[in-house]
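*Asks:* For reference, the chains in residue letters:
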Amino acid sequence: MSSASTALRYLGALATIVVGAVHLQQYADFISDVPTIGVLFLLNGLGAGVVAILLATRRAPLGALAGVALSVGALVSIVISMTDTGLFEYTEPTLRGAVVIAIAAEAAAVVLLCGYLAARRTPERVRTDWTTT
Amino acid sequence: MIWLSAVAALDTMSNSLQHILNRVLVVLGVTLVLATGIVLVAHDGSTGAAEANRSAGAATATDKVPIKDFLYDPDGITVAAGTKITFTNEDSAPHTATSGPSPSPDGVFDTDILQKGQSKSITVTKAGTYAYYCVLHPFMKGTVIVT
Chain A
1 MSSASTALRY LGALATIVVG AVHLQQYADF ISDVPTIGVL FLLNGLGAGV
51 VAILLATRRA PLGALAGVAL SVGALVSIVI SMTDTGLFEY TEPTLRGAVV
101 IAIAAEAAAV VLLCGYLAAR RTPERVRTDW TTT
Chain B
1 MIWLSAVAAL DTMSNSLQHI LNRVLVVLGV TLVLATGIVL VAHDGSTGAA
51 EANRSAGAAT ATDKVPIKDF LYDPDGITVA AGTKITFTNE DSAPHTATSG
101 PSPSPDGVFD TDILQKGQSK SITVTKAGTY AYYCVLHPFM KGTVIVT
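Each protein sequence line maps, in turn, to chains A and B. Residue 1 is where the first sequence starts when you use my numbering, and the numbers rise one by one after that. Residue 1 is where the second sequence starts when you use my numbering, and the numbers rise one by one after that.
Chain B on its own, in the form it takes in the complex (with noise of 0.2 Å):
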């Protein structure tokens, strides 16, 4: 019916009607073109900021590992064995920290995923180093050092 009535109505539509019409198109075109320069701008430039921002540092002595922008934050952390730690996903995106090299898990860990706000504690018992990273999103990587 809306279909119809859509036909109906441009039926009667006058040549300056288009034109109006033709013209709000380009309004809303060319204010899509200006979004596209302002959501770049406002993100500095930059995509991928997930793999930009990286950090290679040294492990963190911490048991809190939150996950926001697409990274693990801090994405090196060094525990003592029996050590109880907490990943919690701070972003939109739905993510993992399951243990093993991307894309391999390798059974050792795995907080299956979560969504925005929930939380998961792991426990790693045995010395080492270990890898994780997220299911969903294999770029995001993340070492979990044991003593």
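Chain A extracted, bound-state conformation (with noise of 0.2 Å):
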């Protein structure tokens, strides 16, 4: 496993944690009030945790997919919950901190999950030494 693949798997499981993190803290602050939101930021907090669990161990790779999938879910259900429409009738009216925090998070667990998944189907280059005669 290359260096660079690890480096991604590790980064991309921080970034999920603190996704899962901003979710069961979101939850615990007024979000537990929302009808469904609210049991979709617990099921966040509760497959972050799983995610980042996979991740650590040979299951890394459907780790990776499962935290890709969560993170996308949620970057989707917050640009949705931005509209009027809203999502399940719930409404993210301003870019809050909180907000502001996952959306940042989420964007990166997909970039670094997606790299390590990628960089774990790019063979590793064979180093040449083109100095030795």
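Quick caveat, the hints were computed from the structure, so don't treat them as lab data. Note that this is a predicted model, so its numbers are computed, not measured. Glycine included, every Cβ here is placed at the ideal spot set by N, Cα and C. Hints may contain errors.
A short list of chain B residues far from chain A (calculated; beta carbon distances all over 12 Å) [what the hints assert, rightly or not]:
hint	residue
1	A42
2	I77
3	V108
4	S119
5	A131
To be clear about the criterion: a stretch of chain B counts as covered by chain A if any three or more of its residues have a C-beta under 8 Å from a C-beta of chain A, and this derived list gives those stretches [claimed, not checked]:
hint	stretch
6	27–33
7	89–97
8	133–146
To give a feel for the contact side, a few chain B residues facing chain A, derived at Cβ under 8 Å [as the list claims (entries may be wrong)]:
hint	residue
9	I20
10	L21
11	N22
12	T36
13	L40
14	H43
15	D69
16	F109
17	I113
18	Q118
These two chains come separately, so use the hints to put the complex back together.
*Replies:* Structure representation (structure tokens):
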């Protein structure tokens, strides 16, 4: 396994943990009172924990796929909640601090975990010492 | 630069260090899973309390309506015509009190968006029963009975 893919895996896991932590914090703050959305926030926190565990095991590729799905789902949900229709009748009218942190962490998780999956598929370059005669 | 430093650092990383980092990840993951259970229990295992707690009782004679936990409290009030009714947002989330059947405003009154701690008063001069809701969260509903 290349050092690049290893780094991407750890950084992607870290970003996913931040995503889950923000969702749990928001749930504890006030989202628990919102029908349906509250459950989704709770599931996000749980899912992020499971993804982090998977990324530490031999099932890391599966964890990466799940992590990408989790963060993409959360990003799409935020975008929908910013429309007039809202998501399950819940609207985010402003970019609150927690929302900004969540968007940044989700975007980072998607990029890093996709990078990890791509790096795994790319064979390591064989190093050639051209100076040797 | 940070990325290059991270890659360079990992180049020299031993298997034992990766083993430690994997353990840290597992600990953090388990912590998140446990935290999920803790916040669920801390909130009495209930989600969507706003809907569940909505009272269907009689209207209360008051001209002050605090908004908290995604609820108008009380959600049904009775006032005399011309009374100034004050809505105060005590939630972290922004809310409105907009007249009309959710989600269709009828233009009788509207507090516009109230951020945390903000208040706005509205006056209804004509007797009748007025439904209102939060434009941002249409599942939040209330009624004003003007006599």
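*Asks:* Tell me, which hint numbers fail for this structure?
*Replies:* 1, 9, 16, 18
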